[in-house]
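Engineer: Just so we're aligned, residue 1 is where the sequence shown starts under the numbering used here, counting upward by one.
Treat each hint with caution, since some may be false.
[Stated by the list, open to error] Computed Cβ-Cβ distance ranges for the label pairs, DEER-style:
#, residue 1, residue 2, range
1, Y121, L45, 27 to 37 Å
2, T71, Q32, 32 to 42 Å
3, M149, K98, 19 to 29 Å
4, S148, G115, 33 to 43 Å
5, Y122, L82, 17 to 27 Å
6, C52, N131, 27 to 37 Å
7, Y121, Y9, 29 to 39 Å
8, A36, L134, 21 to 31 Å
[To be verified] Computed cross-link-like contacts, SDA-like style, restricted to lysine to any residue with a CA-CA straight-line distance of at most 20 Å:
#, residue 1, residue 2
9, K43, F61
10, K43, P22
11, K98, Q85
12, K98, I119
13, K8, A55
14, K43, A19
15, K98, S109
16, K8, V18
17, K129, F84
18, K43, L25
19, K43, Q32
20, K98, T86
21, K98, I114
22, K8, A19
23, K43, V16
24, K129, G30
25, K43, G30
26, K43, L23
27, K43, V54
28, K43, I64
29, K129, F61
30, K43, A55
Simulated from the structure, these hints should not be mistaken for lab results. C-beta atoms are modelled at their ideal positions from N, C-alpha and C, and glycine is treated no differently.
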Amino acid sequence: MTKRRPKKYWIWLVAVLVAVIPLYLFYNLGFQWDYALEMRSLKLLAMIVVACCVAYATVSFQTITNNRILTPSLMGYEAVYLLFQTVLVFVYGTDTFKILNTLDNFILSVLFMIGFSFILYYLILRKGKNNIFLLLLIGLVAGILFESMS
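Start from the sequences, fold in the hints, and give me the full structure.
Structural biologist: The structure is reproduced here in structure tokens:
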């Protein structure tokens with residue numbers, strides 16, 4: 001039996017990444033290159049951190065569910081966040097950004113998402129009933145419901 005060698009697509013991905021990062025940082029800088037370079041560097045760093053977090057969350061979620069197709073978006077957290085932001089704008093109207101600054105909005109959003117997760121996990125995984133498929137199903141239905149509500 002011959003051993004199959006894993007394909008090394010990651011080498012090509014790293015090569016493309018190394019080629020695209022300077023293009024993003026230095027393309028069309030203009031006269032105030034120091035300001036633009038600083039802002040682009042911060043955005044690039046944020047994109048890299050988010051990409052690593054999403055990859056880690058996806059692999060962890062796929063390991064827990066023992067399914068290589070499912071992603072964490074199945075649980076509907078994006079829809080919960082979007083519904084929360086929609087409710088904030090609905091309640092406060094055009095004064096939303098006067099009442100809540102970005103830090104307050106972030107803290108409230110994180111607390112709301114943690115509360116939603118706690119309620120979801122507590123109601124489904126209590127009393128030793130570790131039914132992950134029921135959790136996925138309810139998360140999917142709740143995500144669809146919240147997305148349609150928003």
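Engineer: Sort out which numbered hints this structure fails and list those numbers smallest first.
Structural biologist: 4, 8, 9, 12, 17, 21, 24 and 28
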